[in-house]
Structures are given as structure tokens and as C-alpha cells.
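Q: Sequence:
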Amino acid sequence: MPVSSHDPGNHTRTFSLRTRFLFAFMLLLCIVLATSSLFNYYISIRSIKTMSAESSTLLLNQIARQVEQSVVDLEDLTFQEYERANFCSVMVQQQGEGVGNVFMAQAIKQFLYRMVYAYNIFPYAMIEGLDGTVYRQMRLSSTVNPALDAYQLTPERRTELIDRRGQTVWSPGDQRVVLMQRAMYDPSTSAYCGTLVVGVDTDFFRSMYPGSAQAGEIMFANRRGELLIYGGPEAAQLYEEAGQGAAAELTHGSKRYIVTDYETSDGRWRLLNAVPLDQLTRWIKELRYWAVVIFAVALAAAFVHADILSRYITKRLNRLVRSMKNLSLGVLDTVMPSDSRDEIGVIAERFNIMAVKIQELIYTASQEKLQKERAEYKRLESEYVALQAQMNPHFLYNTLESIHGLARLRGEKEIGQMIYLLGRLMRSSLGRKQKFIPLEEEIQLIRDYLTLQSITYEDRLQVEYEIEERALQWTVPKLILQPILENAIVHGIEEKPGVGHIAIRCREEGADLVMEVEDNGVGMSEAQVAALLAGDEPEPSGRTRVGVRSVHMRIQLLFGERYGIDVRSRLNEGTRIRIRMPKAKGELSIGSQSHRH
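Here the UniProt record's numbering is used: position 218 in the sequence shown is 218, and no number is missing along the way.
There may be inaccurate statements among the hints.
Said to hold, decoys possible - In the BS3-like style, the derived pairs of lysine-lysine whose C-alpha atoms are separated by at most 27 Å in a straight line are:
#1 K357 x K325
#2 K372 x K357
#3 K585 x K478
#4 K583 x K435
Unchecked claim - Here are the in silico distance ranges between beta carbons for each label pair:
#5 K585 x T456: 32 to 40 Å
#6 Y289 x R164: 57 to 65 Å
#7 F103 x R223: 32 to 40 Å
#8 D73 x S37: 28 to 36 Å
#9 D73 x R223: 35 to 43 Å
#10 R562 x A34: 53 to 61 Å
#11 R562 x Q434: 20 to 28 Å
#12 V356 x Q434: 25 to 33 Å
#13 V346 x V292: 18 to 26 Å
Don't read these hints as lab results, they were simulated from the structure.
We treat Cβ as the ideally placed atom computed from N, Cα and C, and that holds for glycine.
Sequences and hints are given; from them, build the entire structure.
A: Shown next as C-alpha cells:
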């Protein structure tokens, strides 16, 4: 049903070409501007992230160098101080006596007092003796910290310190103090005399890097992954979420951070820098504002330009449409002026040529109509002639039936049988219009044919059938076996003395139908086999055996090159011709693989 121009469901037809042009142009411009703006925005963000990661890596590298050197200085300082105090030898001597030594206790307390008050960076110091006695000292100006006041070494940590033979282990104390732990040994005897724990003020480490907001949060951890120095609970959560990755990006709460990981050269310290992304991209907000302003100005300017251009184009197109309407109303001499060489001018020129061609086509169409009427008359005459020709086969069938009846009346049974079989064979092969028949009918047809041949050759021809019952249902091209059998009789058995034997086999092989004709005739050489399928193997009479090749070509045209005829033959022994085609039902045509069962 044709669609009306006023169809309410066809909304696009209510818009003019100019409106569509403007809409498409503005939409394309919006897409281009928006895409370029977003692309620049994301490129800027990515560049900022990359620069931030590189800057953080450089900053952490500088801090790591200072930390390594400062840690070495602190470890040397504590070693020199307890070596100068010379209380280790007394602690070793008191081991096993079970009683305290006043001199030893006084020396330890003086050492701890000196460490805490002589150095501002040590607000806390502790020594654990061999007998488990703990001596502590905290600076009076420091806020009392219950965690440090009750701090005890675990057996595992004590064993680790002894195994390290005086090497320092850094562990977390609280947010303001980092604990430096080491086993002490008597300088003269190298005997273990206890454990020294010194609290280092975290401000000592924080003084090594700037405290600006742009630097973000800087955190220190030991080789165990324990957080030592950080800004607060939020920084500790950031450290847990960052894990062990290198430069990465993570979201914590409502904020996004750029996290950079760095490890000192000795592997004892791990530094992390977490910079809030909004601090790095503050200036992007101003960039977005100006991008919107530029976008609006460009859009307005483009709209004005597109409006002027669309008016110019649609004006000329409307003129072209009016000319086409006149032509459709039958004004064949319509001419549209062509005042330019652009696309519309070319269309106008082609339109004028088309108007001339239409006039020529109208004349040509009238002539063709006359020729078609003449051709139709000739076709009707041909059908009449064909109808007359169809009478001839029926006449032959009826005549053969009459001869068959007359032979039986006169007692000529063999002649009657031959005439009967010949008539049935002609009726099957010539009378039916089907090009494809079931294999069962094809077998019946060749039975009649071979029976006639057996009578002709008397006792020289023996036929054996090996037919699978389930194979009879499949469709085959009509008369596909008769040329093969004729070839076996005429070119094989007839030329060889003695009794000729023909075996006919039909079976299923998977999705294929296989038919074989085998004879014990004179056989063929390899060259003759190749020439047989090529169609150029001559007979003594000068003719070629085209029947076999015709069957081969029909099968390949119908089903493809993987199907067809396979010939196996030996001179003076016989020939076996195998036909392979897919199992199919119904009418077949070229490329009939789709009919396969």
C-alpha cells in the first residue's frame, strides 16, 4: 500500500531538506567540538597524571637518599653512645648471679637520660637486660604515652634482633615516634648483653621533605611493610589500599589519589607518595569554562554560516524539483537552466539530457511493444507445433502395445516380452517429464533394459543385483545408470569372448549414496580411463564414449566437484565404475547440496 505524504507516522517527511541539512550540520559540529574537547581534556588529565608520577618519583628519590644517610648516622650515634657508657660488660657479669647491681643500673639510667635529654630527636629510650629487667626513660616535655610506657619486646622480635648481630630494626611506635631496635654486645668479649630500643621523633624524618599540599601525603614503611611514619588515620588507610603496586591510581572515599611507590637502595625503607587528583587538576575547571564558551561561540557562528549556505542550496533544488514535476505531468520539452558547474548544475544538465532520453524511450517502447506482440504470436504457433509433436510418442506406445498383443495371440512369447519391455522402457524414459526419480524407479528401468539385452545376447550376459533396501528411497538423476551399463556391454563384454558378468550395487555410505557397475569385460588402460572421463576416448567406429562423461559432468554440476564418477579398470580383467552423490530427495537443481538429507 503506498504511503501518503500526510501519513502522521512518517514524521521525517514533514521536515524540509533545508531543516535536515541544518540539523545534520549542527549535529556534526557538536560531535566534532565535543569529541575534540573531551579528547583534549582526557589528554590533559593523563599528562598531569604522568607528570605527577614522575615528579613524585623524583621527590621520593631525593628523600630516600637523605633517609638512608640519616638512618646510618642515627645508628652510628646510638652505637657510639652505648659503647661509651660501657655498661655491657657489667650486664654480662651479672648474668646468673640473680641479684641487681647498683652500678649497672646507675650506668644504664645515666645512658638513657643522656640519650633522651642530650638529643632532641630521641624522646624515648629503653633497655632490656639479660634477665628481662626493663629500664625506660621518656622526656618530661613529651606527652605521656601509655603504649610506649608499657612497651615490651616480643620473644620473636628479641630472637630476630639477636640473629641480626647488632643490625638495627625499625618498627612502628606511635604516630609521633618510630622505634629503632638493636641487640647490644660487649665490645671486648662480643657477648650479648641486652636489647636497646630508641624512639626517634617522626618530625626528624618529616623535615626531609616539603609539607605543602601539592606534595601530598608521604608515608614511610619498613621492609616488613609496617607503616612507620604517616599523617593520620586516613593516610594509614591509603597505605593499606595502595598495596605493593608501583605508580597507580586509587579512590579512597570520595577522593582519587595518584600513588607512587619507591624503595631505598638497601631495601630497608619503602616510601609512598599519595597526591589528591583534585589538587593537580584545579586549573582544569577554568579550562572547561573557556571550552564551553568557545564551543557556544563556534556553534553560533557555524549556525549562521550553515543557514546562509542551506538557503542557497535549497533554492536551486526547489527549482529543480519544479522542473521534475512538470516533466512528470507530461511536459516533455521541460528545460532547466544550468548556471553553474557544481553538483546541482551537473544534475540540471543531466536532467535536460534525461528529458531528451525519455522522449526517445517513449518511441522505443512503442516499437518494442509491437515486436513483443509479434513474438507472442510466434510463441503460440510454437506451442501448437509442440502439441502436435507430443502425439508421436503416444502413437508409438499404442502401436507397440498392439504388436505385443498380436505376438501373444500368435504364441510368440519371447517377441511379445521384448516388445512389452521396449514399450515400458520407452514410456519410462521418454514419456515422463521428471528429470529426477527415486532410485527404486531407476533400478526398475535398468532391469527392463538389461532384460532386453539378455534376450539379445542370449546366454552371454549374466546380471547380479546387490541393492540395499534403504537406498531405494533417495532421488537420482533419471537414466544415470543406463549409459554406464551400455558402456559396460558395448565396450567391455561384447568385445570379449565368453559369458559376460555385470554386478550392480547400490548402498549408503554416511551422507552419500554410492552406485557401482562392475563387469568382467576387456577392461581399459590408465590412458583410456583418463580419456574416458575427458570425453575424447575414440571408439573403433570413430565415435567417443560421451555417455559416461555426461553422467560425470551432470553429477558434478548438481553437487560439486567432490562427487562424480570413479573408474577402476585392468586390461583383460574388467572395469568397475563407481558413482558417488549425496543422499537427496525431491527435485534437484545445480548446487543442490541443500537437498541433502
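Q: If a hint holds in the structure, say so; if it doesn't, say that too.
A: Status of the hints after comparison with the structure:
1. K357 x K325: holds, 17 Å
2. K372 x K357: At roughly 22 Å apart (the allowed maximum being 27 Å), K357 and K372 satisfy the hint.
3. K585 x K478: OK: K585 and K478 at ~13 Å, within 27 Å.
4. K583 x K435: holds, 16 Å
5. K585 x T456: 32 to 40 Å: Holds - the Cβ-Cβ distance for K585 and T456, about 35 Å, lies within 32 to 40 Å.
6. Y289 x R164: 57 to 65 Å: holds, 59 Å
7. F103 x R223: 32 to 40 Å: holds, 38 Å
8. D73 x S37: 28 to 36 Å: Given a distance of about 54 Å, which is not inside 28 to 36 Å, the answer is violated.
9. D73 x R223: 35 to 43 Å: violated, 19 Å
10. R562 x A34: 53 to 61 Å: The hint (53 to 61 Å, Cβ to Cβ) holds, given that R562 and A34 are roughly 57 Å apart.
11. R562 x Q434: 20 to 28 Å: holds, 26 Å
12. V356 x Q434: 25 to 33 Å: Given range 25 to 33 Å: violated, Cβ gap about 53 Å.
13. V346 x V292: 18 to 26 Å: Hint violated: Cβ distance 42 Å, outside 18 to 26 Å.
Violation of the numbered hints given earlier is confined to hints 8, 9, 12, 13; the remaining hints are satisfied by the structure.
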